[in-house]
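Asker: What follows is the residue order along each chain.
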Amino acid sequence: MSPREKTLVPREKPTSYYGRPIVKPPVWKPEIPFYFFFGGLAGASAVLAAAATFAGRPALARRAWGGAFVGVTVSPLLLISDLGKPSRFLNMLRVFKVTSPMNVGAWILLANGGATSLAAGLNLLDEDRRGGVPEVLAAALGAPLATYTAALVTHSAIPAWSEARAEMPFVFAASATASAAGAAILTVPADEAEPARRLGIAAALAEEAITALLHRRLGPLAESYEKGTAGRFQKAARACALAGALAFAAGDDAFHPEHRRSSFYELFRGKDERRRAKLRNALSMSGGALLLAGSVCKRWSVFKAGFQSAEDPAQTIRLQHGEMAKAGLAVSRP
Amino acid sequence: MAGRVLDLETPAWPDTYGEEARPRVGFFTDTSVCIGCKACEVACKEWNKVPSDNQGFSGESYDNSGELGANRWRHVAFIEQKLPVGVEGGAPDDLVAEAARQNLVEEGLDPHRDDDGFRWLMSSDVCKHCTEAGCLDACPTGSLFRTEFGTVVVQEDICNGCGYCVVSCPFGVLDQREDDGRVWKCTLCYDRLQGDMEPACAQACPTDSIQFGELDELRERAAERVEKLRERGRGEARLYGEDPDNGVGGFGAFFLLLDEPETYRLPPDPVVPTRFAGSVWRAAGAAAVTMVAGIAAGFLGRRRG
Chain E
1 MSPREKTLVP REKPTSYYGR PIVKPPVWKP EIPFYFFFGG LAGASAVLAA
51 AATFAGRPAL ARRAWGGAFV GVTVSPLLLI SDLGKPSRFL NMLRVFKVTS
101 PMNVGAWILL ANGGATSLAA GLNLLDEDRR GGVPEVLAAA LGAPLATYTA
151 ALVTHSAIPA WSEARAEMPF VFAASATASA AGAAILTVPA DEAEPARRLG
201 IAAALAEEAI TALLHRRLGP LAESYEKGTA GRFQKAARAC ALAGALAFAA
251 GDDAFHPEHR RSSFYELFRG KDERRRAKLR NALSMSGGAL LLAGSVCKRW
301 SVFKAGFQSA EDPAQTIRLQ HGEMAKAGLA VSRP
Chain L
1 MAGRVLDLET PAWPDTYGEE ARPRVGFFTD TSVCIGCKAC EVACKEWNKV
51 PSDNQGFSGE SYDNSGELGA NRWRHVAFIE QKLPVGVEGG APDDLVAEAA
101 RQNLVEEGLD PHRDDDGFRW LMSSDVCKHC TEAGCLDACP TGSLFRTEFG
151 TVVVQEDICN GCGYCVVSCP FGVLDQREDD GRVWKCTLCY DRLQGDMEPA
201 CAQACPTDSI QFGELDELRE RAAERVEKLR ERGRGEARLY GEDPDNGVGG
251 FGAFFLLLDE PETYRLPPDP VVPTRFAGSV WRAAGAAAVT MVAGIAAGFL
301 GRRRG
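Top line first, the protein sequences correspond to chains E and L. Going by the numbering used here, the first residue of the first sequence is number 1, and it counts up by one from there. Going by the numbering used here, the first residue of the second sequence is number 1, and it counts up by one from there.
So that you can see chain E by itself, here it is in the shape it has in the complex (with noise of 0.2 Å):
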């Protein structure tokens, strides 16, 4: 190559093939994204239900274990909806694959749905139960189901995902939890509901937290989580997680008279106890249907993020120059 060529043809913005992508954007359907959210639903109902009955909360225990087994019900029709019919589903159980996550993933569903449906089913029998091997493989699977789909994303081509793939998991975990602790928080009595809204605000932060990590980190590739319809999902995630976890925090400590300093307590001093709780309780559901609306639209963020990552070839062509990795950004590339 002479020097010459170099100084005459600069190349600035880098272009592909009449501005096509280089990789192709999923094909998935909007099925995808939900299957996140209740596969995530199911695998941290499972844990948190598990850890309810080992616990000795019955109430909290059972209806867990209800959103565990709604969430493992739902997955596999949802994926059948995909694929268009259910033969479709089974094909993937002729082999086991290590090297396809997607394969992995639809052995832990389905063991993972076995485990529950028979821990939630001796849970309801059995008010008193205090726990078993059922529970632990529930637990046990369940915590892959809400993580694998993560794994699912980044273990591909698109830029945006597969450069994700150290902190991925991490956020779905959080945000699975956070639907977990969500669902529970809908469906327990109030006062039987403690554990799961600590969760929740834990969840809710962590995510938060996580999520900000990750995108500080894939530097321009963060781009496509933070912009267009995704960006809309995420802004929306976060506002919901973070509102959800407020709405947790402030109705959490009003429940016991002991702890009549809270703010909460303060703003309705005033009122008759029957207002009070009514309150309480308005503000313990709408935080539970908050984190459930914030981890939907999370799934629905990264889902779309890897059609936007795949539709802009330049985030292709950057990466794999090592731009990225350059510039001290985003990029570990094996």
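Keep in mind that the hints were calculated from the coordinates and are not lab data. In this text the structure is predicted, and so the values were computed from the model without any measurement. Glycine included, every Cβ here is placed at the ideal spot set by N, Cα and C. It cannot be assumed that every hint is accurate.
One-sided and incomplete, this derived list gives chain L residues near chain E with beta-carbon spacing under 7 Å [as the list claims (entries may be wrong)]:
#	residue
1	Pro140
2	Gly142
3	Gly161
4	Tyr164
5	Gln176
6	Leu239
7	Tyr264
8	Pro273
9	Val280
10	Ala293
Over 12 Å on every C-beta distance to chain E, these chain L residues come out as not near it, computed from the model [stated by the list, open to error]:
#	residue
11	Arg22
12	Pro23
13	Ala43
14	Gln55
15	Gly56
16	Phe118
17	Asp175
18	Pro206
19	Arg221
In silico DSSO-like cross-links for lysine-lysine, where the CA-CA straight-line distance does not exceed 30 Å [to be verified]:
#	chain 1	residue 1	chain 2	residue 2
20	E	Lys85	E	Lys29
21	L	Lys228	L	Lys82
22	E	Lys29	L	Lys49
23	E	Lys97	E	Lys29
24	E	Lys29	E	Lys278
25	L	Lys49	E	Lys85
Position chain L relative to chain E; hints supplied.
Answerer: Then chain L, alone, in the frame of chain E:
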């Protein structure tokens, strides 16, 4: 096959085939002699009964078929470039280089250049039949498999249309067919190979821009060809994907290009997702463990409720 076979080996070929393994075959697409006739596109569609799709005009030079997809297993790109004369790599520094260039033109090796610096790059793209194929690793049903020829093929009766291969291919080769939801791609004419025939596109190519053969032989031929072009002043000529040390372990179908890969809608340095599977699963596992620990911790402490 002996000797060089290590460079050609894939995770499943030749080991899983034993005695039935055939020499690994592929394409060497030499874009310097592509004339953009699209005979490869047509032959591929005819032989493989690939449905027609877009019938309109794209406004992208003579290319109205866009890119590879479920209904296009060969795709001819047309790139119009206006560069200052002699700039594209082979700036003639001396009379020797200029003479070599003249020789190139006379031999018909430099057909798309005008004096005003306009050049037309044409290139027939195809599935790369990677040594480490992202689509094959990602496929959850085992529909995608490695043939006895070392190529990568979708079994349509097993494909469930999950679309995971679509996002796992660093080249954006695979796509879903809208009417049936399954994915389709180049089979390197698996049926023809089994009948000892060369793939339809290679047979149809009138300039031998698409060369079919045993991969090790193609690599040698390509190395000679790029050397020859460079000697003659085409310094911008480079091989793309022939290197077994690249991010997908080398392509089964590789190219000789006259510009950066991205100009042709090709990724400059593709890496198969499987290469970072370890960090993917470690993170997922760590997150799962953290989640269990976090939820358990939520039940610790004084019981108030």
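Asker: List in ascending order the numbers of the hints, as given earlier, that are violated by the structure.
Answerer: Hint check: 6, 10, 17, 24 fail, others pass.
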